[in-house]
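Q: Sequence:
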Amino acid sequence: MEAAEGLDPHSTVLILSTLVVVAVILVTAYVARTQLATVPKGMAAVYEHIFDWLDGISQGFMGREGRNYVPLAMSFFLFILVSNWIGLLPSPVVAIQEGAKTVELPLFEAPSASYNTTLALAILSFLAFNLLGLKKRIFPPPHSADHGHGHEHEHEHGHDHSHAHDLNHGTTDVAIPGEIHHQAQGGIAGLGQWIAHFWAPTPTLWRTMEGGLKYVLVPLLFVLFLGLNFVEEWARILSLSLRLYGNIFGEHMAKEQLLHNAFMFFTSGDLTLMMMGILLLGVATFVTVLGALAGFVQAMVFTMLSLSYIAHAVADEH
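Residues in the sequence shown are numbered consecutively from 1, following the working numbering.
I should point out that these hints are in silico values taken from the structure, not numbers from a laboratory. Among the hints, erroneous ones may be present.
[To be verified] Distance windows between CB atoms, simulated: (1) ALA95 to ILE25: 21 to 31 Å; (2) THR208 to SER75: 40 to 50 Å; (3) VAL94 to PHE225: 44 to 54 Å; (4) SER268 to LEU242: 23 to 33 Å; (5) LEU238 to GLN35: 15 to 25 Å; (6) LYS135 to PHE230: 17 to 27 Å; (7) TYR115 to LEU293: 17 to 27 Å; (8) THR285 to PRO141: 21 to 31 Å; (9) VAL24 to LYS135: 26 to 36 Å; (10) GLY246 to THR28: 51 to 61 Å; (11) GLU233 to VAL94: 19 to 29 Å.
Even glycine gets a Cβ: it sits at the ideal position worked out from N, Cα and C.
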């Protein structure tokens, strides 16, 4: 097997593994679509449970508006989960020709064990919640201006049980406790509102402070808060990418080292070393099970953080 022109062998394996992940998701989604029914079964039931679970999380963050962002959250979750799990499967080693030398690499590798992949996912999440927030400010929903009053009236009557019932059944006709009420102005004013959040809370300080000191202090705080808010935005990219990469890369490296040593002991011909190989194989199996659990947790964490960032971006100030 030869590496693609302009790519190193590791990048070639990574691209092929990513294509496999995408193919698995597309095939399972197609199968789920063919199994749709009043009572879903098989893969359709799996996809429905994942959707309902993420829908509950989204509505917990944003109220009934959260359902609009479930497809994006589900895309992140499924891609990361399959990426994490595919690296746990035993993979044959293939020889890749790189110029005059041959490099041996596993045929499949977890795409999420590469920082290139996790950084790309983090950038996509970053762009998503910023663009969604910007869109919400410039093109607010028509009902956003009076959305809050009806909910406040409903909350005064305390329909707690009906709210919980409707949330569990996916109904969006009633308010949900803790729902975000939008008051976006739209147009140029909305764009200005979105830009202004980068130096908040400087305007509030300017209005509340008195005396000549504010003409010196507030401009300094403006520069400080502007820098801090920009650092906070970029830190989200680092947080999302490094957390996922570090956990998955470490787990897969530990598994590969255990399996490599177990194979060496098995092929040594020494009875004692062969017994140690069996022990290492058992440890590698245990690490693989933990890796499957950790892979699910990391996919969940990335998705929930992305949803929380979206909730913050689309929320309006009161």
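Q: If a hint holds in the structure, say so; if it doesn't, say that too.
A: These are the hints, each one checked on the structure:
no.: 1; hint: ALA95 to ILE25: 21 to 31 Å; result: 29 Å, holds
no.: 2; hint: THR208 to SER75: 40 to 50 Å; result: 43 Å, holds
no.: 3; hint: VAL94 to PHE225: 44 to 54 Å; result: 53 Å, holds
no.: 4; hint: SER268 to LEU242: 23 to 33 Å; result: 38 Å, violated
no.: 5; hint: LEU238 to GLN35: 15 to 25 Å; result: 40 Å, violated
no.: 6; hint: LYS135 to PHE230: 17 to 27 Å; result: 21 Å, holds
no.: 7; hint: TYR115 to LEU293: 17 to 27 Å; result: 22 Å, holds
no.: 8; hint: THR285 to PRO141: 21 to 31 Å; result: 52 Å, violated
no.: 9; hint: VAL24 to LYS135: 26 to 36 Å; result: 31 Å, holds
no.: 10; hint: GLY246 to THR28: 51 to 61 Å; result: 28 Å, violated
no.: 11; hint: GLU233 to VAL94: 19 to 29 Å; result: 41 Å, violated
Taken one by one, the earlier hints fail for this structure at numbers 4, 5, 8, 10, 11, listed in ascending order.
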